[in-house]
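In this text, residue positions in the sequence shown follow the numbering used here: the first is 1, and each later residue adds one.
Among the hints, a few may not be true.
Stated by the list, open to error - Using C-beta positions, here's what the derived DEER-type ranges look like: (1) T167 <-> V339: 32 to 42 Å; (2) P286 <-> V196: 20 to 30 Å; (3) R312 <-> D42: 24 to 34 Å; (4) D137 <-> D157: 23 to 33 Å; (5) D137 <-> W108: 38 to 48 Å; (6) V196 <-> K225: 13 to 23 Å; (7) V366 <-> I197: 18 to 28 Å.
Claimed, not checked - With a Cα cut of at most 35 Å, we get these calculated DSBU-like pairs of lysine-lysine: (8) K225 <-> K134; (9) K364 <-> K155; (10) K134 <-> K364; (11) K225 <-> K155; (12) K155 <-> K134; (13) K215 <-> K155; (14) K225 <-> K215.
FYI, nobody ran anything at the bench for these hints, they're computed from the structure.
Since we're looking at a predicted model, the values are computed, not measured.
Don't be surprised by glycine CBs; every beta carbon is placed ideally from N, CA and C.
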Amino acid sequence: MIKPSLLELFFRFFRLGLTAFGGPAMIPYIRRLAVERHEWLDEGTFRLGMSVTQLIPGATAMQMAAYVGLRARGGAGALAAYSGFALPAFLLMLGLTVLYFSARDIVWIRSGFAGLQLVVIALIGNAAFNFSRKYLDSARAWLLAVLAGVWLGFKGDPVLALVVVCTLAVFLFRRDQGGPPPSNVSGARANLRWAVIFLAGLLGLLAILAAIDPKLLGLSALMMKIDSFAFGGGYVSVPLMLHEVVEARAWMSQSTFMDGIALGQLTPGPIVITGTFVGYAVAGFPGAILATISVFGPSLVFLCAVTPFADRLAASPVARRVLHGSLITLVGLMAAVTVRFAMDVHWGVLEVLFTLAALAALRKGVDILWVVLACAALSPLLF
């Protein structure tokens, strides 16, 4: 295999990150870059990464970028690929966030976001429907999803719902036996050292913030918590962030939080990039930077920590059941979030038709970016 430089990893993934719309849909492009064009990884190693990144917290495409860097150049390579892939989304989200908070009181801007909030409802509802068709494959799964959704509906902690359902899934879904062990990849055990280094860096960051600014400490610790429980991809971060930011801490209204999600859909990044928006709202530029680092940092620690045991994890029946439980929880939480967001809208005939049109476009497979852009253009004319 060809060994790239750290700069090459960074710039290759930065370039890919400029067009990284679609989340997991970017994985074939990552494969083309890493396996076919530059031969940094072989096919077996890449497939192993695809199995493992589905079982650990974090946005899947982001994790695969880091995995390629980790296999190609160790922990430093993981950091280079990870940061390069995320940087375009962060910069765009930061710019959009600054514009939002400086211009949101302008009438036509406010009208535009009235429509974008309807798109967010369609987006989350569509994702919940797609996940339900794929993962709610039994009466037990449906029951657990409903219980998780009702729990969030009554403003319960979604992390508790996630832990309880995943625990129950280990015993209730014994037919999930895992898959055959993929071929092990040698030389990965040294990456445990990088997991310790990255973890020490995050803990050191928290220690520094504790000494200089308790508000920033709370923000950073919260984002790390959200990322640590974001099983099943970035969508689970929405109910987690909603609960913590809107309900538990009242840092912003639910309507403003929905605007942050809408802005995130204009960036080539995972939905968890909403953390940048929250960070800026709480503490300006330092908050935006810290929130972004913190909402992506734990995923990198998990990736480096499990990679030495990737073959066993990918084949583990218990890990598969826990993943199944997390995805069931995700469906229930996302359905509850959809209802919660819908209750925040003053509905009329125009709002219903607008939402249904956005939902129909998403169901037809239209890229979310084009749906958001079209609705942003039409909203000031309609609302």
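Hint check results:
1. T167 <-> V339: 32 to 42 Å: violated, 25 Å
2. P286 <-> V196: 20 to 30 Å: holds, 27 Å
3. R312 <-> D42: 24 to 34 Å: violated, 20 Å
4. D137 <-> D157: 23 to 33 Å: At roughly 27 Å between Cβ atoms, D157 and D137 fall inside 23 to 33 Å, so the hint holds.
5. D137 <-> W108: 38 to 48 Å: 46 Å Cβ-Cβ, so the 38 to 48 Å window holds.
6. V196 <-> K225: 13 to 23 Å: holds, 20 Å
7. V366 <-> I197: 18 to 28 Å: Given a distance of about 43 Å, which is not inside 18 to 28 Å, the answer is violated.
8. K225 <-> K134: OK: K225 and K134 at ~27 Å, within 35 Å.
9. K364 <-> K155: Satisfied, since the Cα-Cα distance of roughly 33 Å is no more than 35 Å.
10. K134 <-> K364: The given pair, whose Cα atoms are some 17 Å apart, holds under the 35 Å limit.
11. K225 <-> K155: Roughly 18 Å between the alpha carbons, so the hint for K225 and K155 holds.
12. K155 <-> K134: holds, 26 Å
13. K215 <-> K155: Answer holds: K215 to K155 is near 24 Å, not above 35 Å.
14. K225 <-> K215: holds, 16 Å
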